[in-house]
Structures are given as structure tokens and as C-alpha cells.
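A.B. asks: Listed below, chain by chain, are the residues.
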Amino acid sequence: MSNNIKHIGLVCRTPPYGSSRARELIDIALAAGVFDQKVCLIFLGDGVLQLQSEQSPISIEQKNHGKLIDMLEIYGIENIVVQESAMRSRNLKREEISSDFQILDDTSISAIISKQHVMMSL
Amino acid sequence: MKFLINVCAGPPSQAASSALRFCRAALRQGHSIERVFFYSDGVYNANDLLSPPTDEVNTQQQWVELHDEHNIELCVCIAAAVRRGMLNQEEANRYDKPSANISEPFIVSGLGQLVEGAVTADRTMTFSA
Numbered sequence: 000m001s002n003n004i005k006h007i008g009l010v011c012r013t014p015p016y017g018s019s020r021a022r023e024l025i026d027i028a029l030a031a032g033v034f035d036q037k038v039c040l041i042f043l044g045d046g047v048l049q050l051q052s053e054q055s056p057i058s059i060e061q062k063n064h065g066k067l068i069d070m071l072e073i074y075g076i077e078n079i080v081v082q083e084s085a086m087r088s089r090n091l092k093r094e095e096i097s098s099d100f101q102i103l104d105d106t107s108i109s110a111i112i113s114k115q116h117v118m119m120s121l
Numbered sequence: 000m001k002f003l004i005n006v007c008a009g010p011p012s013q014a015a016s017s018a019l020r021f022c023r024a025a026l027r028q029g030h031s032i033e034r035v036f037f038y039s040d041g042v043y044n045a046n047d048l049l050s051p052p053t054d055e056v057n058t059q060q061q062w063v064e065l066h067d068e069h070n071i072e073l074c075v076c077i078a079a080a081v082r083r084g085m086l087n088q089e090e091a092n093r094y095d096k097p098s099a100n101i102s103e104p105f106i107v108s109g110l111g112q113l114v115e116g117a118v119t120a121d122r123t124m125t126f127s128a
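Those sequence lines, one after another, are chains C and V.
Per numbering that gives the first Met the number 0, residue 0 is the first one in the first sequence, and the count goes up by one each step.
Per numbering that gives the first Met the number 0, residue 0 is the first one in the second sequence, and the count goes up by one each step.
Because the hints were derived from the structure by calculation, they are not lab data.
Mixed in with the good hints there might be a few duds.
Listed below are the simulated DSS-like cross-link pairs for lysine-lysine, each with C-alpha atoms no more than 25 angstroms apart in a straight line [claimed, not checked]:
no.: 1; chain 1: V; residue 1: Lys1; chain 2: C; residue 2: Lys5
no.: 2; chain 1: C; residue 1: Lys37; chain 2: V; residue 2: Lys96
no.: 3; chain 1: V; residue 1: Lys1; chain 2: C; residue 2: Lys114
no.: 4; chain 1: C; residue 1: Lys114; chain 2: C; residue 2: Lys5
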């Protein structure tokens, strides 16, 4: 690995279950965290549902995605941005997600995206 | 410009085909490809059992040709691959499976290769369905 440190923005747009995309994007974030990159996770659209603190996917035989989200902090990923309008249209309340996440409007999110060196989504 | 190509869709999707065509176009214009990383459903591009009808393209073969012509690294994410039953011989032995379906020039490695490539390259392009 070169000594380069880059700002890597990862856009999470998929719901926590239904496909492996949500988990696979978080896995990129964790790997980038291990390599000491500056990661910013941006949750848009259905992606905001990944952050719901009470998830119980036992009945669909899936692992709890919320536990993976909880791992982010351990990997040094603290820059987590959530789309306010997506939360509102899905009736997701502020108290249903961790208070560590920044809830922002689209203009602010756009400004954050423009500061990243690398953007990835799945 | 140096590109990292992140392929997240498998054949016969348009996204996989677009990734290949993008690589060829970039090389033709004098750019370089740092690495092609196959992630998520993109790992299916490495399936050497693909057997499309003769009048359709074989995506796996096309990647091999790209490698042979330009010596481009083709790297498959091990976690995404194994989860989907895509194994090279070493992994087939490890998991005690009867056969393997990933072979050289595809190499099997971790997500660190995606991150390392994204950091080193000038641009990261993701092709997803």
C-alpha cells in the first residue's frame, strides 16, 4: 500500500436485506478503514433503512445488518452522513438511528461528495 | 490516466460488457488500467465454466484476452467469490469441494486490493447492474 491517504466516499443506496449489496458496500468501508483511508459513508434513498437500530431479521434467516453498522466505529469510520429527505419519506425518526450520524440536506451531501477523491457505490 | 475498474455485475449483464468495452477504449486512447477488480456479482465474470451459445460472447474469455494482450491484473474478491460458489483450486481444496471454476490468469485476493487500487489509481470506475 502506498502512503497515500485518500478521501473515499461510499454511497449506500440499498436496503439492508433483499440483496448482498448493503453488506458488500459496508465491507469495502471496513477494508478501507483497515488501510487507514478517510472513509465517508453516505446513506441515500432506501439505504437509510440500514441504519435503523432495531432490526430483527431472524425470521428471514439473515444476519443482523445493524451489527455490521455498529462495527464501523471500531474500524475508525466516524464520518457517516444520512439523507434527511430519505429519512422523512420513509418515516424514519432521528431517535431510531444512532446520534453519531449526521443528518443532512441534499445540498450539504452534494458538497461532501465533491470533496471526496474516490466515490464508489454498488 | 490510470484507472481502477471495479466490476460488480456478472455476465450476461450489459454492465459487465460495458466494463470490458471501457477498458479497451481507455487502453486504445493511451490510458492504463491499474487493475480490474471483480466484486459482488462481478465475481461471475471469472467463471471458466461459462458456456454461452456460439453466436454470443464469452465474457470470461474476453477478460482473459484483455489480460493476454495488455497484461492487466484480473483480481477476484475472495469473500464475494466463495460465498457465490466461485472457487479456484486452492479454495476448492480448502472447502473440500469437488471442482473449481476460477483459473489463471484470474487471481483470488481480498478487498484490500480494491482499496489499494483506488488509492493508487487516478480514477475508480464501478460497473454495476
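A.B. asks: Now, for every hint given, state plainly whether the structure supports it.
C.D. replies: Against the structure, the hints come out as follows:
1. Distance check on the hinted pair: Lys1 of chain V and Lys5 of chain C sit about 16 angstroms apart at the alpha-carbon level, within 25 angstroms; holds.
2. This hinted pair does not check out: Lys37 of chain C and Lys96 of chain V have alpha carbons roughly 39 angstroms apart, beyond 25 angstroms.
3. Pair hint Lys1 of chain V plus Lys114 of chain C holds up; C-alpha atoms about 20 angstroms apart against a cutoff of 25 angstroms.
4. Between Lys114 of chain C and Lys5 of chain C, the direct Cα distance comes to roughly 10 angstroms. Compliance with the 25 angstroms bound is thereby established for this hinted pair.
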